[in-house]
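If you want the building blocks of each chain, they are given just below.
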Amino acid sequence: MIPVIEVEHVNKHYGEFHALKDISLTVSKGEVVVVIGPSGSGKSTLCRTINRLETITDGEIRIDGNVLPKEGKGLAKLRADVGMVFQSFNLFAHKTILENVMIGPIQVKKIPKAEAAEDARRLLDRVGVGHQADKYPAQLSGGQQQRVAIARALAMKPKALLFDEPTSALDPEMINEVLDVMIELAKEGMTMVVVTHEMGFARKAADRVVFMADGEIVEESTPDEFFTNPQTSRAQDFLSKLITN
Amino acid sequence: MGVITDNWDLWVDATVGTLQIFFFGLIIALVLGFIVGAMRVSPIPIARWVGTAYVNLVRNTPLTLMFFVFAFAVPVVFEIRDLRLLGILAIGLYTATYVAETLRSGINTVPVGQAEAARAVGMSFTQVMGHIVLPQAARSVIPPMMSVIIAFLKNTTVAAGFSIMNLGSIRAYLSERGENAMVVLLWVALVFVVMVFALSGVQRYLEKKWRVAR
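The listed protein sequences correspond, in order, to chains A and B.
So in full-length UniProt numbering, spot 116 of the first sequence is number 116, and the numbers just go up one at a time.
So in full-length UniProt numbering, spot 151 of the second sequence is number 151, and the numbers just go up one at a time.
If we strip away everything but chain A, and leave its shape as in the complex, we get:
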């Protein structure tokens, strides 16, 4: 197993608040790790530290064996290798759908415009929004926007994808169209870290479930094991409060 993301003994403080407590997590190539836990457990923070949208207090994070630098070109280079999908989509509001997907390859990877456009159209077709290419983000539904965001991340040909609660801002009827795309990616062998409340997705697509509470990793196991036979009382408590689906 080749490790793609290595998080070692990471701590994160917001002032007095200890948001991440000695977190260690390794994600291997092709693995899908789903991070779940109650609100405020630090799961989103963990996801955001992996490409350093959040700084850390101490510890080490490596992408493909390279230590994440603090700032500058080296950091930008590693970020280009790790795609990120946000809860609120964050599509560039002043760019068309096609431009949203093209801009990374053109600006960061210096790929010729024609080639980037061709790539982008293929990716948009793949996530099912190819016919919307010339619209602006605000003209699309949430589910469509989130699929564009996935295409934008894929356009960089990343070594891993991070999903920070990708369906939490969506209307219920749009959740599945996004999850279907993610399940497809998981099947194709994409390395993924997914922070989500969608237990159905965890069951279907995860290789491993990481349960966090109060800034700590409390439990780590296969989805089957975790959902049928949780070991810790925190996990049992959390699962008992969910409507099972």
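Among the hints, erroneous ones may be present.
Lysine to any residue pairs mimicking SDA-like chemistry, simulated, CA-CA at most 25 angstroms apart [claimed, not checked]:
id, chain 1, residue 1, chain 2, residue 2
1, A, Lys-135, B, Arg-211
2, A, Lys-77, B, Ser-42
3, A, Lys-95, B, Arg-139
4, A, Lys-135, B, Arg-139
5, A, Lys-21, A, Arg-52
6, A, Lys-109, B, Gln-114
7, A, Lys-159, A, Val-108
8, A, Lys-113, A, Thr-96
9, A, Lys-95, B, Pro-45
10, A, Lys-70, A, Lys-135
11, A, Lys-77, B, Ser-124
12, A, Lys-70, B, Arg-211
Residues from chain A that face chain B, not an exhaustive set, calculated with beta carbons under 8 angstroms [as the list claims (entries may be wrong)]:
id, residue
13, Glu-71
14, Lys-73
15, Ala-76
16, Ala-93
17, Thr-96
18, Gln-107
19, Met-156
20, Phe-227
In case anyone wonders, no lab produced these hints; they're calculated from the structure.
Since this is a predicted model, take the numbers as computed values, not measurements.
Glycine included, C-beta positions come from ideal geometry on N, C-alpha and C.
Since the structure of chain A is already known, use the hints to place chain B on it.
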């Protein structure tokens, strides 16, 4: 109308003088203002510090004092004797602080997720600013920025106190020729109203052109 037609030469000189100060000063103010505004939101602490120091020092200084510094202190140090150039520098450097702060307020209206998404794609600070943040900030910044520019246009009259020919100094010249000062000043006001109307037109055009849907 005699005030105008009998003194056409002076009116042309004065209007050209005002427009010269305005255009060249505006270029300095916009370019420097963008740089300083970007410095104030940059991830590099020293850049932020220099930007903040510049804004606080220059913006807190009266414009006339800036003109005094450029008319009397700068020529001693830098060998610049051209009063018009010195005036343009004074007002340009002064207005740049307002441009920078207006721009910064515009940058703050762009949701932080936009910059985060751009950084996550691997863009550098300049790329994030140039391709994602500033184009969106520009749209919300047009109305307050135009107010800064209009105030700047009217501030150019301060240059009259430093022997730089412009619409602010024409009254003195025309009084020497025996014209009624009140009438002259009304005409000066009218010229400014026309110029400001033109600027408002530019504002409406840009607002329409750069409207962004959210």
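Hints, verified against the model:
Between Lys-135 (chain A) and Arg-211 (chain B) the CA atoms are separated by roughly 15 angstroms; this keeps the pair inside 25 angstroms, and the hint holds. Our distance criterion of 25 angstroms between C-alpha atoms is met by Lys-77 (chain A) and Ser-42 (chain B), whose separation comes to about 19 angstroms. Taken as a hint, the Lys-95 (chain A) and Arg-139 (chain B) pair is honoured in the structure, with Cα atoms around 14 angstroms apart against an allowance of 25 angstroms. A C-alpha spacing of about 19 angstroms is found between Lys-135 (chain A) and Arg-139 (chain B), which places the hinted pair at or below 25 angstroms, so the restraint holds.
Only pairs whose Cα atoms come within 25 angstroms are accepted, and Lys-21 (chain A) paired with Arg-52 (chain A) is accepted, the gap being roughly 17 angstroms. Between Lys-109 (chain A) and Gln-114 (chain B) the alpha-carbon distance is near 20 angstroms, which keeps this suggested pair within the 25 angstroms criterion. Restraint check for Lys-159 (chain A) and Val-108 (chain A): satisfied, since their Cα atoms lie roughly 15 angstroms apart, inside the 25 angstroms limit. A distance of roughly 15 angstroms separates the Cα atoms of Lys-113 (chain A) and Thr-96 (chain A); the hinted pair therefore holds under the 25 angstroms criterion.
For the suggested pair Lys-95 (chain A) and Pro-45 (chain B), the alpha carbons sit about 31 angstroms apart, so the restraint of at most 25 angstroms is broken. Distance check on the hinted pair: Lys-70 (chain A) and Lys-135 (chain A) sit about 36 angstroms apart at the alpha-carbon level, beyond 25 angstroms; violated. With a C-alpha separation of about 9 angstroms, the suggested pair Lys-77 (chain A) and Ser-124 (chain B) falls inside the 25 angstroms cut-off, and the hint holds. A C-alpha spacing of about 36 angstroms is found between Lys-70 (chain A) and Arg-211 (chain B), which places the hinted pair above 25 angstroms, so the restraint is violated.
The restraint placing Glu-71 (chain A) at the interface with chain B holds, with a minimum CB-CB distance near 6 angstroms, inside the 8 angstroms limit. For Lys-73 (chain A), the interface hint holds, since its Cβ comes within 8 angstroms of a Cβ in chain B; the closest pair sits about 7 angstroms apart. With a least beta-carbon distance of about 5 angstroms to chain B, the hint placing Ala-76 (chain A) at the interface is held under the 8 angstroms criterion. The closest approach between the C-beta of Ala-93 (chain A) and any C-beta of chain B is roughly 6 angstroms, which is under the 8 angstroms cut-off, so the hint is satisfied.
With a least beta-carbon distance of about 11 angstroms to chain B, the hint placing Thr-96 (chain A) at the interface is violated under the 8 angstroms criterion. About 5 angstroms separates the beta-carbon of Gln-107 (chain A) from the nearest beta-carbon of chain B, less than 8 angstroms, and the hint is met. Annotation: interface hint on Met-156 (chain A) holds; nearest CB of chain B at approximately 6 angstroms, less than 8 angstroms. The criterion of a C-beta within 8 angstroms of any C-beta in chain B is not met by Phe-227 (chain A), whose closest approach is roughly 31 angstroms, and the hint is violated.
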